[in-house]
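The letter at position 16 of the sequence shown is residue 16 when you use full-length UniProt numbering, and the numbering goes up by one with no holes.
Don't read these hints as lab results, they were simulated from the structure.
Ideal placement from N, C-alpha and C gives every residue a C-beta, glycine not left out.
One or more of the hints may lead you astray.
Taking lysine to any residue pairs in the SDA-like style, the calculated list, with each CA pair at most 20 Å apart, reads [what the hints assert, rightly or not]:
| no. | residue 1 | residue 2 |
| --- | --- | --- |
| 1 | K64 | E160 |
| 2 | K28 | T51 |
| 3 | K28 | S38 |
| 4 | K75 | G110 |
| 5 | K28 | P66 |
| 6 | K64 | S126 |
| 7 | K75 | G37 |
Pair ranges (Cβ atoms, derived) [what the hints assert, rightly or not]:
| no. | residue 1 | residue 2 | range |
| --- | --- | --- | --- |
| 8 | T51 | P114 | 56 to 62 Å |
| 9 | S157 | P114 | 24 to 30 Å |
| 10 | G144 | E49 | 43 to 49 Å |
| 11 | S179 | K17 | 29 to 35 Å |
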Amino acid sequence: MADNQTVDGDVRTSFGKGAARKLRAAGKIPAVVYGHGSDPLHVAVPAHETTLIARRANALIDLKLPSDQHLVLIKDIQRDPVRQIIEHLDLVIVRKGEKVTVDIGVHIDGEPYPGMMVQLEHNTISVEAEATHIPEFVSVSVKGLTSGAQIHAGDISLPEGTTLVSPSEMLILAIHEPSKAGDDEPVAAGEGAAASGGTASAAQASGDAGSSGSGSSDSGSGDGDAGGE
Numbered sequence: 001m002a003d004n005q006t007v008d009g010d011v012r013t014s015f016g017k018g019a020a021r022k023l024r025a026a027g028k029i030p031a032v033v034y035g036h037g038s039d040p041l042h043v044a045v046p047a048h049e050t051t052l053i054a055r056r057a058n059a060l061i062d063l064k065l066p067s068d069q070h071l072v073l074i075k076d077i078q079r080d081p082v083r084q085i086i087e088h089l090d091l092v093i094v095r096k097g098e099k100v101t102v103d104i105g106v107h108i109d110g111e112p113y114p115g116m117m118v119q120l121e122h123n124t125i126s127v128e129a130e131a132t133h134i135p136e137f138v139s140v141s142v143k144g145l146t147s148g149a150q151i152h153a154g155d156i157s158l159p160e161g162t163t164l165v166s167p168s169e170m171l172i173l174a175i176h177e178p179s180k181a182g183d184d185e186p187v188a189a190g191e192g193a194a195a196s197g198g199t200a201s202a203a204q205a206s207g208d209a210g211s212s213g214s215g216s217s218d219s220g221s222g223d224g225d226a227g228g229e
């Protein structure tokens, strides 16, 4: 778990597409702060600084406003679908000691038995943890595993204070032998592509898992007044 980052923000009083565009042109990101029964608070945060923080899944921010301060969790990120710059943020207020439900990435360690392949089914799991002690990821070892081996969500060791929310029977990955030339059986349309897309070497699967987002979700956004801009 990384340390909280402090960000200075401003309260917004102008809304709509035009106001949001002006904010972005000035190097700021429109955002909404909510939670703990408080009315939604519309703010603007520095784009460069906040974008760097948002690279880490489930990032916590000490948000300093002119007359208030909140500890917030990045809950949702809306991006421009083409340029992928952040257009809007949802920030939820949390308290120290409070438990939150988030998605965290699954990292794959080691290599299976020589010649085996790792088929990754899910690269994140949902967990409950203290807001200030959210693990960045969990590790799963596939070292020496042979064909037919499977790892489910319930098999993953979690840090102390973290509990599993995803179904324990949810399949995370499976080990199998690669198909041999000429051994392919007929499959329904689309099945071959799906199977191919879900199969990777252990190194590839680990890379995919490491690049996933967790509890904060990324969603594409147009030029609209997203999230109450």
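Checked hints:
1. At roughly 31 Å between alpha-carbon atoms, K64 and E160 are farther apart than 20 Å, so this suggested pair is violated.
2. A C-alpha spacing of about 10 Å is found between K28 and T51, which places the hinted pair at or below 20 Å, so the restraint holds.
3. Of the pairs offered as hints, the one joining K28 and S38 is violated, with about 24 Å between alpha carbons and a cut-off of 20 Å exceeded.
4. For the suggested pair K75 and G110, the alpha carbons sit about 32 Å apart, so the restraint of at most 20 Å is broken.
5. For the suggested pair K28 and P66, the alpha carbons sit about 16 Å apart, so the restraint of at most 20 Å is met.
6. In summary, the hint linking K64 to S126 is not supported, as the alpha carbons are separated by about 29 Å, beyond the 20 Å threshold.
7. For the proposed pair K75 and G37, the alpha carbon gap of about 16 Å is at most 20 Å, so the pair holds.
8. Checked against the hint of 56 to 62 Å, the C-beta distance between T51 and P114 comes to roughly 42 Å, which is inconsistent with it.
9. Look at S157 against P114: about 26 Å separates their beta carbons, and that is inside 24 to 30 Å.
10. Under the hint 43 to 49 Å, the C-beta atoms of G144 and E49, about 44 Å apart, fit the expected range.
11. In this structure the hint that S179 and K17 lie 29 to 35 Å apart at CB is violated, the actual value being about 51 Å.
In terms of the numbered hints stated before, the structure departs from hints 1, 3, 4, 6, 8 and 11, listed from lowest to highest.
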